[in-house]
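Colleague: What follows is each chain in one-letter form.
Number of protein chains: 2
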Amino acid sequence: MITLSSSHRSHSTVVTLRGPDGAPLADADVMVRQVRHAFAFGNIGFDFVDLAAAQVGIAADGPHVFGGADRESAERLVELWLDVFNTATLPFYWAGFEPAEGRPDTERLLAAARWFRERGVSLKGHPLVWHTLAPGWLRDRPDDEVESVVRARVRREVGAFAGLIDTWDAINEVVIMPVFDNEERQNAVTRLCRRIGRIPTVRLAFEEARGVGAGVRLVLNDFDMSTAYECLIEGVLEAGIQVDAIGLQSHMHQGYWGEERTWATLERFARYGLPLQMTETTLLSGDLMPPEIEDLNDFQPSSWPSTPEGEERQADEVVRHYRTLLAHPAVEAVNYWGITDRGAWLGAPAGLVRADGTPKPAYDALRALVKDEWWLSPTPMRTDGAGRITVEGWWGDYAVDSGASTATFALERDTPLVQATLA
Amino acid sequence: MITLSSSHRSHSTVVTLRGPDGAPLADADVMVRQVRHAFAFGNIGFDFVDLAAAQVGIAADGPHVFGGADRESAERLVELWLDVFNTATLPFYWAGFEPAEGRPDTERLLAAARWFRERGVSLKGHPLVWHTLAPGWLRDRPDDEVESVVRARVRREVGAFAGLIDTWDAINEVVIMPVFDNEERQNAVTRLCRRIGRIPTVRLAFEEARGVGAGVRLVLNDFDMSTAYECLIEGVLEAGIQVDAIGLQSHMHQGYWGEERTWATLERFARYGLPLQMTETTLLSGDLMPPEIEDLNDFQPSSWPSTPEGEERQADEVVRHYRTLLAHPAVEAVNYWGITDRGAWLGAPAGLVRADGTPKPAYDALRALVKDEWWLSPTPMRTDGAGRITVEGWWGDYAVDSGASTATFALERDTPLVQATLA
Chain A
1 MITLSSSHRS HSTVVTLRGP DGAPLADADV MVRQVRHAFA FGNIGFDFVD
51 LAAAQVGIAA DGPHVFGGAD RESAERLVEL WLDVFNTATL PFYWAGFEPA
101 EGRPDTERLL AAARWFRERG VSLKGHPLVW HTLAPGWLRD RPDDEVESVV
151 RARVRREVGA FAGLIDTWDA INEVVIMPVF DNEERQNAVT RLCRRIGRIP
201 TVRLAFEEAR GVGAGVRLVL NDFDMSTAYE CLIEGVLEAG IQVDAIGLQS
251 HMHQGYWGEE RTWATLERFA RYGLPLQMTE TTLLSGDLMP PEIEDLNDFQ
301 PSSWPSTPEG EERQADEVVR HYRTLLAHPA VEAVNYWGIT DRGAWLGAPA
351 GLVRADGTPK PAYDALRALV KDEWWLSPTP MRTDGAGRIT VEGWWGDYAV
401 DSGASTATFA LERDTPLVQA TLA
Chain B
1 MITLSSSHRS HSTVVTLRGP DGAPLADADV MVRQVRHAFA FGNIGFDFVD
51 LAAAQVGIAA DGPHVFGGAD RESAERLVEL WLDVFNTATL PFYWAGFEPA
101 EGRPDTERLL AAARWFRERG VSLKGHPLVW HTLAPGWLRD RPDDEVESVV
151 RARVRREVGA FAGLIDTWDA INEVVIMPVF DNEERQNAVT RLCRRIGRIP
201 TVRLAFEEAR GVGAGVRLVL NDFDMSTAYE CLIEGVLEAG IQVDAIGLQS
251 HMHQGYWGEE RTWATLERFA RYGLPLQMTE TTLLSGDLMP PEIEDLNDFQ
301 PSSWPSTPEG EERQADEVVR HYRTLLAHPA VEAVNYWGIT DRGAWLGAPA
351 GLVRADGTPK PAYDALRALV KDEWWLSPTP MRTDGAGRIT VEGWWGDYAV
401 DSGASTATFA LERDTPLVQA TLA
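Chains as they are written, first to last, in this note's numbering: chain A, 1 to 423; chain B, 1 to 423.
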């Protein structure tokens with residue numbers, strides 16, 4: 001039996017409030033409110049790329065890979081998305097991002113990145129190196145050329161988005177990468193990885209990305225939760241490659257893992273002392289995918305509806321899953337995989353919003369966690385004679401209002417005393 | 001479709017035969033015969049430990065771990081064993097080898113090692129480090145002490161058997177080692193591996209063994225044929241640990257792999273450029289173990305008989321499997337796991353000989369490969385005017401008889417011309 005507690009994510013903090021003159025604001029009525037979570041509550045931002053691009057005059061005719069609502073639907077999703085999530089994953093699937101060599105989709109993605117940043121959303125790029133969706137034009141290049149083109153691609157993307165995207169899935173699904181054979185003609189990245197080995201391929205991605213982006217956070221991401229991924233991680237770390245976080249996918253199209261398995265998985269991967277990012281989290285609100293399917297891409301029925309029973313189940317599982325994840329101190333990010341069923345990966349009813357734009361119960365349930373149970377709503381307080389209030393809340397950004405003035409402060413781990421000055 | 005050929009294991013070699021005076025033995029009738037295979041056709045030698053020890057006056061009361069016929073049965077197995085196999089795996093299961101700390105079973109195993117060497121059999125020790133059968137007395141020791149005791153054990157065994165055992169399974173089943181949980185109380189080796197990591201544990205075993213035994217061959221051995229083992233191997237090699245051969249277990253209690261899967265497995269592990277040893281090969285002559293069993297140790301029925309149909313299937317599969325393995329140039333050793341059903345691991349009908357001591361069809365079939373189809377039986381030849389004969393045979397040791405004199409030579413890869421002098 002697992003006892004879940006997220007108490008490690010909040011703390012009682014003494015905030016000394018000062019007026020614009022620097023003197024403590026003694027014995028005053030103030031209103032304290034949370035502005036942002038420090039924890040990364042993420043979702044994919046694929047649906048808003050066209051919308052953001054169109055708003056700065058870039059034609060919305062780019063390719064759609066792995067999800068993306070049409071522009072009209074996206075407009076109605078903006079508020080729902082921003083009300084719950086503070087971190088967006090943007091798509092850099094190479095075959096879609098650079099369908100013709102030398103013509104990358106940089107401008108459109110830059111527009112999307114700026115659109116999110118203007119709205120206070122942190123960004124992650126996904127992924128820099130991956131065998132799936134490696135561009136077809138790379139397939140016939142000689143070995144050494146493949147390597148240099150991959151290296152250049154990594155540098156190009158990290159460089160172009162510096163200051164906007166500070167976290168990247170540097171490389172995706174390396175466990176299967178060199179032995180991936182679910183394709184008619186072997187892609188060039190699989191060929192590269194098979195030739196030079198998994199760890200040199202990881203090193204290549206991390207070194208190139210690190211070389212460009214000072215301070216960039218680089219994630220090793222995989223769907224393989226078996227001992228294989230453990231062995232890969234141990235080899236990568238022994239080889240001295242600096243990994244900032246371990247990414248764990250969890251596309252649960254074949255059913256919710258449950259608390260026990262989830263916790264055991266977190267425990268196995270937490271023992272490397274690195275933060276864990278739940279990079280791709282999916283729970284369905286319809287029929288489950290049959291358990292015998294090995295590659296999820298192999299199952300794409302013509303119709304895969306969201307059902308009332310499925311929606312209730314999804315809401316229950318979303319709450320249970322987020323409670324489990326947030327209870328584990330190693331988890332620093334949970335990225336849900338899809339805001340809407342419209343254009344969802346595999347056509348699955350994986351979104352938190354139905355294709356018609358109405359929120360599913362899972363959306364409301366997740367919002368209730370993120371913006372209510374785990375959130376400090378505006379709370380009236382009174383400072384003491386030294387201008388102090390005691391704030392109990394989740395790590396994150398806060399504001400305190402006194403009349404027409406506002407002060408901001410952050411609650412952070414290991415910071416029991418903070419100062420805030422009204423302006 | 002795989003085309004199997006073992007032609008890379010033999011070659012046409014010109015042998016110049018000289019008399020005791022050094023002059024070419026021209027125009028003479030000689031008889032050429034193979035004496036030994038260079039290829040390691042191995043089996044466990046567990047059954048003969050008591051017998052060998054008793055022959056030098058050591059009481060046969062040692063523990064039996066993972067197989068071992070009683071002494072009377074063993075006597076009747078000697079000839080069968082030696083007629084087919086040239087390499088024996090000796091048991092160094094720590095809990096059995098050193099049931100009380102400081103009292104290792106060295107003398108008895110030394111007697112067994114000498115017994116085999118006297119009969120021209122090469123030896124492998126199995127295993128130096130393994131979580132299963134780690135001694136119970138190690139369990140309560142503090143962490144740093146566990147590591148130093150493990151290191152000392154590796155040095156002790158390799159040192160004591162220097163000159164007798166030249167190949168060791170340095171470490172066994174590292175993929176599962178740190179997450180092994182099929183036991184009531186965690187063993188000390190799992191605890192060590194979980195604390196320091198898989199690769200440092202591998203390094204520990206290899207470094208200690210290498211430090212003692214100059215020229216010793218060290219094998220990394222596992223039952224996990226998934227990408228996990230690939231990832232482990234890649235990490236170990238990236239870390240600079242010198243592995244002499246990759247060991248692949250293949251206890252096929254749940255059914256023969258078949259040619260396709262076997263070949264694909266060999267191909268995946270051959271790509272590291274290291275020799276492959278099929279360290280533990282089992283095919284049953286009775287009912288198969290149900291496929292849902294994950295840890296083979298969890299299935300030990302009270303009775304598991306060899307059946308006539310099972311014996312025919314086993315013979316067919318043994319031949320097909322050895323043909324496949326020998327056809328792959330990376331494979332340097334095939335070790336069958338058990339000569340007899342008597343005392344066989346799990347009680348399974350895995351032996352090549354029935355519990356009553358009579359050979360199964362698989363024994364005869366394997367013997368026909370090893371000592372007939374892949375073997376040069378005594379063959380009359382006539383030297384030319386320069387004393388030369390052309391011998392076409394498998395790599396190995398040969399003798400040539402001329403009257404009462406005999407010369408020996410070896411056929412080896414990349415050696416098209418050899419000399420042999422009668423004595």
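It is possible that some hints are incorrect.
[Said to hold, decoys possible] These stretches of chain B come out as covered by chain A in the derived footprint (C-beta under 8 Å, 3 or more residues):
id: 1; region: 186–198
id: 2; region: 220–234
id: 3; region: 354–368
[Stated by the list, open to error] Between beta-carbon pairs, the in silico distance windows are:
id: 4; chain 1: B; residue 1: Glu292; chain 2: A; residue 2: Ala38; range: 56 to 62 Å
id: 5; chain 1: B; residue 1: Gly255; chain 2: A; residue 2: Arg271; range: 47 to 53 Å
id: 6; chain 1: B; residue 1: Arg413; chain 2: A; residue 2: Ile196; range: 46 to 52 Å
id: 7; chain 1: A; residue 1: Ala152; chain 2: B; residue 2: Asp298; range: 28 to 34 Å
id: 8; chain 1: A; residue 1: Glu267; chain 2: B; residue 2: Asp298; range: 21 to 27 Å
id: 9; chain 1: B; residue 1: Asp143; chain 2: A; residue 2: Asn182; range: 42 to 48 Å
id: 10; chain 1: A; residue 1: Arg141; chain 2: B; residue 2: Gly255; range: 58 to 64 Å
id: 11; chain 1: A; residue 1: Arg185; chain 2: B; residue 2: Glu101; range: 55 to 61 Å
id: 12; chain 1: B; residue 1: Pro291; chain 2: A; residue 2: Ser302; range: 44 to 50 Å
id: 13; chain 1: B; residue 1: Glu101; chain 2: A; residue 2: Ser7; range: 26 to 32 Å
id: 14; chain 1: A; residue 1: Glu267; chain 2: B; residue 2: Glu101; range: 50 to 56 Å
id: 15; chain 1: B; residue 1: Arg195; chain 2: A; residue 2: Arg141; range: 40 to 46 Å
id: 16; chain 1: A; residue 1: Leu4; chain 2: B; residue 2: Asp143; range: 28 to 34 Å
[Claimed, not checked] Far from chain B, by Cβ distances over 12 Å, these chain A residues were calculated:
id: 17; residue: Ser7
id: 18; residue: Asp21
id: 19; residue: Arg119
id: 20; residue: Trp137
id: 21; residue: Pro178
id: 22; residue: Asp181
id: 23; residue: Gly197
id: 24; residue: Thr201
id: 25; residue: Tyr229
id: 26; residue: Glu230
id: 27; residue: Glu234
id: 28; residue: Glu238
id: 29; residue: Leu296
id: 30; residue: Arg342
id: 31; residue: Pro378
id: 32; residue: Arg388
Don't read these hints as lab results, they were simulated from the structure.
We treat Cβ as the ideally placed atom computed from N, Cα and C, and that holds for glycine.
Colleague: Which of the listed hints are not met by the structure?
Modeller: 3, 4, 5, 6, 7, 10, 12, 13, 14, 21, 22, 23, 24, 25, 26, 27, 28
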